[in-house]
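Engineer: Sequence:
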Amino acid sequence: MSSVICRKCIEDSHLAKALEEYFQQLTCSECGQRSRKAVTVEALAAVIEPVLREYFVQGGDIKHFGEDDSEWYEQDGESLDAIIQQVTEQDFVFQEELVRAICDLDDAWPPDGDEVLWDSTASYVPRRMRPHEMALFWEVATQEIKHGQRFFSPSVRLLFDRLFAGVGTMYAYAEGTKQPVTVSLSTDTAVYRSRVCASRAMMKDASADPMKHVGPPPAEMAKAGRMNAEGVVVLYTALDPDTARAELRPAIGSDLAVIKMTPVRRLKVLDMARLETVAAGALSYFQPDYEEEVLKHAFLRRLHRMISQPIVPGHEADYLITQAMAEYLANVHPEKYDGIKFTSAQNQGGMNLVLFSRSEFENDEMVARFGVDYVSGSIEFSRTSGVQYSQEPLVYFERQDGEPVAYMKNGDYDLDDLE
1 MSSVICRKCI EDSHLAKALE EYFQQLTCSE CGQRSRKAVT VEALAAVIEP VLREYFVQGG
61 DIKHFGEDDS EWYEQDGESL DAIIQQVTEQ DFVFQEELVR AICDLDDAWP PDGDEVLWDS
121 TASYVPRRMR PHEMALFWEV ATQEIKHGQR FFSPSVRLLF DRLFAGVGTM YAYAEGTKQP
181 VTVSLSTDTA VYRSRVCASR AMMKDASADP MKHVGPPPAE MAKAGRMNAE GVVVLYTALD
241 PDTARAELRP AIGSDLAVIK MTPVRRLKVL DMARLETVAA GALSYFQPDY EEEVLKHAFL
301 RRLHRMISQP IVPGHEADYL ITQAMAEYLA NVHPEKYDGI KFTSAQNQGG MNLVLFSRSE
361 FENDEMVARF GVDYVSGSIE FSRTSGVQYS QEPLVYFERQ DGEPVAYMKN GDYDLDDLE
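Numbering (UniProt numbering), first residue to last: 1 to 419.
A few of these clues could be false.
To be verified - Straight-line Cα separation of at most 35 Å, DSBU-like style, residue types lysine-lysine; simulated pairs: (1) Lys204 x Lys146; (2) Lys8 x Lys178; (3) Lys17 x Lys37; (4) Lys223 x Lys63; (5) Lys178 x Lys223; (6) Lys336 x Lys146; (7) Lys63 x Lys146; (8) Lys336 x Lys178; (9) Lys212 x Lys336; (10) Lys212 x Lys178; (11) Lys268 x Lys146; (12) Lys178 x Lys204; (13) Lys223 x Lys212; (14) Lys63 x Lys178; (15) Lys260 x Lys336; (16) Lys8 x Lys268; (17) Lys223 x Lys37.
Calculated directly from the structure, the hints in this document are not laboratory data.
These numbers come from a predicted model, not from an experiment.
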């Protein structure tokens with residue numbers, strides 16, 4: 001007799017909704033209660049299998065090397081049992097029976113040359129996602145911004161409207177606490193900015209007028225950055241002095257000046273790290289907009305990564321999209337943000353803050369334009385004595401068609417996973 005599960009024992013609400021047409025009166029194998037909203041393991045498998053087929057394939061064989069220079073191949077990925085648990089976010093009491101039921105749904109016939117997809121002894125990896133409408137928005141927007149209209153083209157605005165819809169009322173949850181994605185920085189918040197001092201004369205100038213010589217450059221000297229076009233001034237800062245110094249990527253022996261500033265008014269800031277967490281959380285493989293939400297997370301992660309890392313020489317045009325994002329959040333988005341908070345790629349655990357110049361204060365002093373002022377006597381000097389680097393594991397293999405693939409060990413989808 002087949003195992004049974006009732007509606008109350010199905011933890012994924014989207015999966016439960018997809019099973020409604022199969023409900024009948026049965027006794028649940030999980031809780032032992034009789035319910036009119038219960039399904040057999042075969043019905044459960046019939047709903048889960050198409051989702052598995054959509055998002056997973058058998059992993060390729062990866063060469064491994066032993067300490068004695070021996071070589072062997074192992075299939076990349078997780079077991080069928082493991083990916084079923086991943087997709088359903090549940091370990092059923094009849095898990096082995098469910099695995100067999102899914103394998104039974106594979107109608108491949110090897111004598112005819114068919115390849116069996118579902119095998120309890122095989123390993124599986126996420127399938128590269130098909131192009132989606134949002135992927136098209138991204139491609140059109142990036143091409144348009146590189147070769148056509150710069151900041152407020154229809155495609156760029158449409159992309160950002162979808163990515164940042166409703167962020168003003170979103171919350172992230174971490175360690176049991178509710179954290180707003182839109183942050184209000186009070187006047188007692190400390191922010192820091194640093195600059196390399198190439199000579200004693202520069203140190204003297206910085207000591208005499210810290211805001212002028214360590215603060216943002218004048219517009220005519222503003223080079224293009226991660227979130228500003230050439231000639232557009234934004235204020236790149238950090239939330240601690242060590243991160244401010246690290247973001248300069250100073251050479252060993254470099255002398256640095258760092259200053260402390262505090263807001264003169266409350267500043268509305270978008271926390272990209274929290275927004276990325278919101279986009280990544282609580283997704284169900286069975287929800288209708290699953291692919292769109294996964295891609296939204298991929299886009300936000302790429303934007304966050306791009307603004308966290310320095311511009312790669314030769315790839316300056318790639319950052320036109322992040323420059324446009326800054327313009328959008330400052331001037332077009334309903335929240336009219338004063339800045340963006342994001343993680344530092346140079347100092348683990350550090351946070352950066354870029355503040356936008358308010359257009360209504362364009363001809364005023366820096367304090368009015370950026371909403372922060374120098375804390376008197378806070379300038380400090382230091383010399384760089386060492387630099388640290390860290391590495392993340394990268395998996396590389398070649399697909400059957402010879403295409404090279406590399407992805408981070410965390411297994412997250414990235415935009416490069418699009419076909």
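Engineer: Take the hints in turn and mark each one as holding or not.
Structural biologist: Here's how the hints hold up against the structure:
1. Lys204 x Lys146: Distance of about 42 Å is beyond 35 Å: violated.
2. Lys8 x Lys178: holds (27 Å)
3. Lys17 x Lys37: Cα-Cα ~11 Å, so holds.
4. Lys223 x Lys63: This hinted pair is violated, its Cα atoms lying about 46 Å apart.
5. Lys178 x Lys223: The given pair, whose Cα atoms are some 38 Å apart, is violated under the 35 Å limit.
6. Lys336 x Lys146: Cα-Cα ~25 Å, so holds.
7. Lys63 x Lys146: violated (40 Å)
8. Lys336 x Lys178: holds (23 Å)
9. Lys212 x Lys336: holds (27 Å)
10. Lys212 x Lys178: violated (39 Å)
11. Lys268 x Lys146: holds (29 Å)
12. Lys178 x Lys204: violated (46 Å)
13. Lys223 x Lys212: holds (17 Å)
14. Lys63 x Lys178: violated (44 Å)
15. Lys260 x Lys336: OK: Lys260 and Lys336 at ~25 Å, within 35 Å.
16. Lys8 x Lys268: violated (42 Å)
17. Lys223 x Lys37: violated (64 Å)
Consistency with the previously given hints fails for numbers 1, 4, 5, 7, 10, 12, 14, 16 and 17, ordered from lowest to highest.
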